[in-house]
Amino acid sequence: MLDATWSRRTVLRGLLTAGAAVGAGSMLSACGMRGTRQSPDSCRSTDESADDPRLTISNWPLYIDVDENDESRRPTLDAFVASTGIDVTYQEDVNDNNEFFGKVRNQLSACQPVDRDIMVLTDWMAARMIRLGWVQKLDRSALPNVEANLLDSLRGRSWDPGTDYAVPWQTGLAGIAYNGTVAKEVRTVEELLTRPDLHGKVTCLSEMRDTMGLIMLSMGHDPADFTEDQFDEALTTLQVAVDSGQIRRFTGNDYAQELARGDIAACVGWSGDVIQLNFTDENIRFVTPESGVMLWSDNMQVPNRATHRANAQEWINYYYEPAVAAELAAYVNYICPVQGAQAEMEKIDPELAANPLIFPDESVLSTAKVFMALNEAQERIFEQKFQQVIGA
Amino acid sequence: MTAAVGAAAGAATPGGPPPVPVEAVAGRRRRRLTPYLLLLPGGLWLLLFFVVPSVQLAGTSLYDRSGSLETGYSQTFAFVNYLDAIGAYWPHLLRSAGYAGIATVICLVLGYPLAYAIAHKAGRWRTLLLVCVIAPFFTTFLVRTLAWKSILSDNGPVVGVLRAVPFVPDDFRLLATPAAVVCGLVYNFLPFMVLPLYASLERLDGRLLEAAGDLYAKPVTTFRWVTLPLSMPGVVAGTLLTFIPAAGDYINAELLGTPNQYMVGNVIDSAFLVRLDYPQAAALSFLLMATILVMVLSYVRAAGTEEVV
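Protein sequence lines correspond, in order, to chains H and W.
The numbers in my numbering rise by one with no breaks, and the one at position 62 of the first sequence is 62.
The numbers in my numbering rise by one with no breaks, and the one at position 134 of the second sequence is 526.
In case anyone wonders, no lab produced these hints; they're calculated from the structure.
It is possible that some hints are incorrect.
Here are the simulated EDC-like cross-link-like pairs (lysine to aspartate or glutamate), alpha carbons at most 20 Å apart as the crow flies [as the list claims (entries may be wrong)]:
#1 Lys-385(H) - Asp-476(W)
#2 Lys-103(H) - Asp-661(W)
#3 Lys-385(H) - Asp-597(W)
Label pairs and their in silico Cβ distance ranges [stated by the list, open to error]:
#4 Asp-70(H) - Asp-476(W): 39 to 49 Å
#5 Pro-433(W) - Gln-91(H): 51 to 61 Å
#6 Gly-552(W) - Gly-85(H): 40 to 50 Å
#7 Pro-427(W) - Glu-48(H): 25 to 35 Å
#8 Lys-385(H) - Thr-683(W): 19 to 29 Å
#9 Gln-91(H) - Phe-530(W): 46 to 56 Å
#10 Gly-598(W) - Ser-244(H): 52 to 62 Å
Computed footprint of chain W on chain H; a stretch qualifies when at least three of its residues, placed anywhere within it, have a C-beta under 8 Å from a C-beta of chain W [claimed, not checked]:
#11 93 to 103
#12 342 to 349
#13 356 to 370
Since we're looking at a predicted model, the values are computed, not measured.
Built from N, CA and C at the ideal position, the CB exists for glycine as well.
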């Protein structure tokens, strides 16, 4: 007869007490938030690679070669599995750096595993991962191919000078793209931001480093080493273009369809996208302004607590064999970060080997800049100012 | 019957009214408890997924904004965060309310005749028409909005036709204007308006309309004094279901608009994911909730239909 002791009041009181308890609990957790920095030296798990031939990779979609006749086959990956016996779980679950950061933030800040051995993130996010101490240091002696074949312009990047924490998977340029059916050639950033016939038909990337880097280059400043005043000066130029209605909006990857349709005439865009558009419509062109272009990479990193670092290093080293890199580049059409791949590409597809957007020549690479490493405070200030101008 | 129950029954009665049979007492108690037990799953759900997150959100919105992800945040009950957020983003809050309000009115104007026609004039096409209203939901929100990008595109059919109209300038465009954002909102939320309207109009008793006619009421008068009041629950439910999600939407503004059309949802998205300014993101979320709550409460009070809310 337990029920007989329950009255309406006790039930209500019970529920309220439970509610208050949970409420108080969450109030406690709302009392502040601890810092999220970790140390990769203490926050790690033992490497089980030797006994456990497995490897889990998170990469961006459409970023690995797929067999033309059988979409379930990935030639370079399959060859890796066959030659090493490592069972690879390849996930295409990185769609956006910020989104992915949101996905792994809670685990990595609490020193918990994210069940991935390699994640591929763009420069600035990779730099943030290093700054937060969320990624493991790589063993350079296990990466002889990287040592030998990494492009010179990708060595000694300010946020990872010794290439100890991040190795480029693919690289690309941020420059100007235009649709020749709608507009005359656009040669410079000034033209993009001021030419009257482009008014309202221009987009820029919402990726701060690409858009601001190009503008700073056009003003003669060095995106790899600039002052806050120089940044502000470039931002004013952008603000003027936004206010006048020259710039229609700021985009992620989605500018590609609009450029192809002719809704926008010219934009700040990425070389890899423009190559793809160029295959179907040769009026869509990529321009590397004389003042310089931005060079970005997506980088392979091994997160803390990943248990297959040795396997991961084997994978990284494998993709730095020129023949493998060429096969991959022939499919994904981004800039190949591997020296010697161009010679290998001659055997696969001579036309692609001559494409300056996959194998840029020295004159382009010498003007290409990697955006300066920012500390957290700088990143916040610059991002805040930039977001204000782009309207969010 | 056990001794314990007998004792309990006996203890309740000395000198009082005649004893109530024990089973009836237990049965009544159980019946009294039933509603609470039925409420329990929903209550727990609300507690876990609404109350707790709201408290945390409120807590986060009062963090010291000089903290950061790396160094952590301390709780300083910084109510100034709200002032800062309003000061910096009041246009976005106003725009959200404005766009959502306009979209809701257009939805009502479009949806009412549609729901009425389906309920009373469609005959055997009724089911098919209802399916047509719901059918867009079979594809995702994102794809539907992207489709509108092609429809409203500068070289698309709509703009092409409009440009042919005299007095419309040649560089006229729809994409990247407030009109495009409102169009997207109307399209995406129209079914939320039509379905509740249909539900309440469908129950409308035709004999009441006949009676009004017998009393020499003109159609307009009948609508004003019979149809509309009887469908008010549908109108209120429909406007709420349209306005609330529309005010918090950011996909339409992002895909169909420009920075000048960004709504408060876009700001929250950027504060949380890009700028990593968690206190401000939380403060703006709370402001959005509060704004909507105030608007909805005053609306419901004015509309005066207690039975729907």
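Here is how each hint holds up against the structure:
| no. | hint | result |
| --- | --- | --- |
| 1 | Lys-385(H) - Asp-476(W) | holds (15 Å) |
| 2 | Lys-103(H) - Asp-661(W) | holds (15 Å) |
| 3 | Lys-385(H) - Asp-597(W) | violated (60 Å) |
| 4 | Asp-70(H) - Asp-476(W): 39 to 49 Å | violated (56 Å) |
| 5 | Pro-433(W) - Gln-91(H): 51 to 61 Å | violated (35 Å) |
| 6 | Gly-552(W) - Gly-85(H): 40 to 50 Å | violated (60 Å) |
| 7 | Pro-427(W) - Glu-48(H): 25 to 35 Å | violated (54 Å) |
| 8 | Lys-385(H) - Thr-683(W): 19 to 29 Å | holds (27 Å) |
| 9 | Gln-91(H) - Phe-530(W): 46 to 56 Å | violated (27 Å) |
| 10 | Gly-598(W) - Ser-244(H): 52 to 62 Å | holds (59 Å) |
| 11 | 93 to 103 | holds (count 4) |
| 12 | 342 to 349 | violated (count 0) |
| 13 | 356 to 370 | violated (count 0) |
Hint compliance for this structure: hints 3, 4, 5, 6, 7, 9, 12 and 13 are broken, all remaining hints hold.
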